[in-house]
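K.L.:
Each chain, written out:
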Amino acid sequence: MPNILIVDDSSTMRKIISRSLRQAGLPVDEIYEAGDGIEGLAVIASGKTIALILSDINMPNMDGLEFVKAVRANGNTTPIVMITTEGGEEIIKDAMDSGASDSIKKPFTPDQLQEKLGGIL
Amino acid sequence: MSLNSAIASATKFSEEELAKYVIQATREVFSTMVMMDPKDEYPLQDPITRFKCSITGMVGFAGTYSGVISIHCPVNLAMKITSNMLGVECEEVGEDLNDAIGEISNMLGGSVKQVLSKGGLDVKLSIPTVISGEDYTVNSLSDNDCVVIPFLVEDSKFIVGLILKKED
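The listed protein sequences correspond, in order, to chains F and L.
Quick note: the first sequence, position 117, residue 117 per my numbering, numbers continuous.
Quick note: the second sequence, position 119, residue 119 per my numbering, numbers continuous.
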């Protein structure tokens with residue numbers, strides 16, 4: 001089963017996303033966590049096999065948009081789905097232009113995760 | 001406490017409309033992330049600035065609009081909220097409690113920002129700030145430009161406030 005990386009500065013939100021993925025019945029093996037974009041890049045650089053990255057946008061140190069750009073700049077094509085309170089069209093367009101695959105608005109339900117991520121996992 | 005009429009006019013929202021958005025956002029966040037169903041008791045009868053054994057989460061707006069959205073709740077209720085969000089018992093004030101209340105304020109800020117911002121780039125959200133203590137006060141320097149919504153959930157009350165200003 002696939003491994004997932006969750007990048008979010010809120011440990012509460014990382015736990016909610018982890019629980020919701022399993023509640024949604026999505027096939028998930030290991031879930032790796034990072035508190036910002038810099039930590040996210042470190043997890044990727046460690047060589048772990050990751051099938052999907054879920055990233056917040058509004059984070060300290062390195063935000064989600066910078067993180068997506070950095071991942072893509074390294075030639076990494078892993079799907080990245082933004083999970084964020086930032087639902088504005090222009091911000092989502094920025095994220096997609098930077099290389100994100102899709103977005104999910106917080107707050108969300110497990111069903112919404114299933115709908116958005118079922119085709120990726 | 002009410003929304004200044006000039007600000008309500010500038011934002012093109014009435015106080016009642018903004019109250020409606022705050023109530024909708026709060027109920028959505030609580031029903032999907034906290035598994036609680038709070039009832040609003042709008043309007044607030046008397047201003048509340050002093051909080052005892054409570055925790056406050058705040059997120060600021062900057063850009064076309066500036067302001068702050070905040071949630072204030074008693075620590076006992078905050079522990080129940082945190083326990084529901086995490087799926088494990090929270091029994092003390094600490095990192096989990098602060099993070100959970102901060103994230104609720106972050107989601108409330110995101111929802112209100114969607115109402116205020118055309119595409120999302122003209123209004124920026126701050127990283128959440130959390131304050132807790134046995135006895136503290138929270139004051140706006142201008143006390144006429146906010147909407148404050150009291151809520152009741154599981155026999156406990158909490159309030160959500162929105163302070164807003166349209167920038168020139």
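The hints are simulated quantities; they were obtained by calculation from the structure and are not laboratory data.
Heads up, the beta-carbon is just placed ideally off N, CA and C, and yes, glycines get one too.
Please note that the accuracy of each hint is not assured.
[Said to hold, decoys possible] BS3-like, lysine-lysine: derived pairs with alpha carbons at most 30 angstroms apart:
(1) K105(F) <-> K124(L)
(2) K116(F) <-> K52(L)
(3) K93(F) <-> K105(F)
(4) K165(L) <-> K93(F)
(5) K93(F) <-> K69(F)
(6) K80(L) <-> K165(L)
(7) K69(F) <-> K80(L)
(8) K52(L) <-> K69(F)
(9) K69(F) <-> K105(F)
(10) K52(L) <-> K118(L)
(11) K52(L) <-> K157(L)
(12) K93(F) <-> K157(L)
(13) K105(F) <-> K80(L)
(14) K118(L) <-> K80(L)
(15) K118(L) <-> K165(L)
(16) K20(L) <-> K124(L)
(17) K105(F) <-> K48(F)
(18) K124(L) <-> K93(F)
(19) K165(L) <-> K105(F)
(20) K80(L) <-> K166(L)
(21) K52(L) <-> K105(F)
(22) K39(L) <-> K105(F)
(23) K52(L) <-> K39(L)
(24) K116(F) <-> K157(L)
(25) K105(F) <-> K157(L)
(26) K165(L) <-> K52(L)
(27) K93(F) <-> K80(L)
(28) K157(L) <-> K118(L)
(29) K93(F) <-> K166(L)
(30) K166(L) <-> K105(F)
(31) K93(F) <-> K48(F)
(32) K118(L) <-> K116(F)
(33) K118(L) <-> K20(L)
(34) K39(L) <-> K69(F)
(35) K20(L) <-> K157(L)
[Stated by the list, open to error] Stretch-level coverage of chain F by chain L, calculated; a stretch enters the list once three of its residues show a Cβ under 8 angstroms from a Cβ in chain L:
(36) 15-28
(37) 73-87
(38) 103-110
K.L.:
Indicate, hint by hint, whether the structure satisfies it.
P.N.:
These are the hints, each one checked on the structure:
At roughly 16 angstroms between alpha-carbon atoms, K105(F) and K124(L) fall within 30 angstroms of each other, so this suggested pair holds. A threshold of 30 angstroms between alpha carbons decides the hint, and for K116(F) with K52(L) the separation of about 42 angstroms lies outside it, so the pair is violated. In summary, the hint linking K93(F) to K105(F) is supported, as the alpha carbons are separated by about 14 angstroms, within the 30 angstroms threshold. Pair hint K165(L) plus K93(F) holds up; C-alpha atoms about 27 angstroms apart against a cutoff of 30 angstroms.
Straight-line distance between C-alpha atoms of K93(F) and K69(F) comes to about 13 angstroms, which keeps the hinted pair within the 30 angstroms bound. This hinted pair does not check out: K80(L) and K165(L) have alpha carbons roughly 33 angstroms apart, beyond 30 angstroms. The straight-line distance between the Cα atoms of K69(F) and K80(L) is roughly 38 angstroms, outside the 30 angstroms bound, and the hint therefore fails. A C-alpha spacing of about 45 angstroms is found between K52(L) and K69(F), which places the hinted pair above 30 angstroms, so the restraint is violated.
A distance of roughly 20 angstroms separates the Cα atoms of K69(F) and K105(F); the hinted pair therefore holds under the 30 angstroms criterion. For the proposed pair K52(L) and K118(L), the alpha carbon gap of about 38 angstroms is over 30 angstroms, so the pair is violated. Taking the CA atoms of K52(L) and K157(L), the gap is about 13 angstroms. The hint holds against a cut of 30 angstroms. Between the alpha carbons of K93(F) and K157(L) the distance comes to roughly 39 angstroms, so the proposed pair goes past 30 angstroms and is violated.
A C-alpha spacing of about 24 angstroms is found between K105(F) and K80(L), which places the hinted pair at or below 30 angstroms, so the restraint holds. Among the hinted pairs, K118(L) with K80(L) is inconsistent with the structure: their alpha-carbon atoms are about 35 angstroms apart, more than 30 angstroms. Straight-line distance between C-alpha atoms of K118(L) and K165(L) comes to about 16 angstroms, which keeps the hinted pair within the 30 angstroms bound. A hinted pair counts as satisfied when its Cα atoms are at most 30 angstroms apart, and K20(L) with K124(L) qualifies at roughly 22 angstroms.
In summary, the hint linking K105(F) to K48(F) is supported, as the alpha carbons are separated by about 27 angstroms, within the 30 angstroms threshold. Under the criterion of a C-alpha separation no larger than 30 angstroms, the hint pairing K124(L) with K93(F) is consistent with the structure, at around 16 angstroms. Distance check on the hinted pair: K165(L) and K105(F) sit about 25 angstroms apart at the alpha-carbon level, within 30 angstroms; holds. For a cut-off of 30 angstroms, the pair hint linking K80(L) to K166(L) is broken: about 36 angstroms separates their Cα positions.
The hinted pair formed by K52(L) and K105(F) fails the criterion: a straight-line CA distance of about 34 angstroms is larger than 30 angstroms. As the CA atoms of K39(L) and K105(F) are separated by approximately 23 angstroms, the hinted pair is consistent with the 30 angstroms bound. Between K52(L) and K39(L) the CA atoms are separated by roughly 22 angstroms; this keeps the pair inside 30 angstroms, and the hint holds. A threshold of 30 angstroms between alpha carbons decides the hint, and for K116(F) with K157(L) the separation of about 35 angstroms lies outside it, so the pair is violated.
Restraint check: the Cα-Cα separation between K105(F) and K157(L) comes to about 27 angstroms, which is no more than 30 angstroms; the hinted pair holds. For the hint pairing K165(L) with K52(L), the CA-to-CA distance comes to about 28 angstroms; that is within 30 angstroms, so the pair holds. Straight-line distance between C-alpha atoms of K93(F) and K80(L) comes to about 37 angstroms, which puts the hinted pair past the 30 angstroms bound. In summary, the hint linking K157(L) to K118(L) is not supported, as the alpha carbons are separated by about 33 angstroms, beyond the 30 angstroms threshold.
Between the alpha carbons of K93(F) and K166(L) the distance comes to roughly 25 angstroms, so the proposed pair stays at or under 30 angstroms and holds. Between the alpha carbons of K166(L) and K105(F) the distance comes to roughly 25 angstroms, so the proposed pair stays at or under 30 angstroms and holds. Among the hinted pairs, K93(F) with K48(F) is consistent with the structure: their alpha-carbon atoms are about 29 angstroms apart, no more than 30 angstroms. With a C-alpha separation of about 24 angstroms, the suggested pairing of K118(L) with K116(F) holds against the 30 angstroms cut-off.
Between K118(L) and K20(L), the direct Cα distance comes to roughly 19 angstroms. Compliance with the 30 angstroms bound is thereby established for this hinted pair. As the CA atoms of K39(L) and K69(F) are separated by approximately 42 angstroms, the hinted pair breaks the 30 angstroms bound. Taking the CA atoms of K20(L) and K157(L), the gap is near 18 angstroms; set against the 30 angstroms cutoff, the hint holds. Evaluation of the coverage hint for the stretch 15-28 of chain F: fulfilled, as 3 residues show C-beta separations to chain L shorter than 8 angstroms, against a requirement of three.
Coverage of the stretch 73-87 of chain F by chain L holds. Counting CB-CB distances below 8 angstroms, 4 residues qualify, and the rule asks for three or more. Note: the stretch 103-110 of chain F has 5 residues with beta-carbon separation from chain L under 8 angstroms; the three-residue rule is met and the coverage holds.
Checked against the numbered hints above, the structure violates hints 2, 6, 7, 8, 10, 12, 14, 20, 21, 24, 27, 28, 34; every other hint is satisfied.
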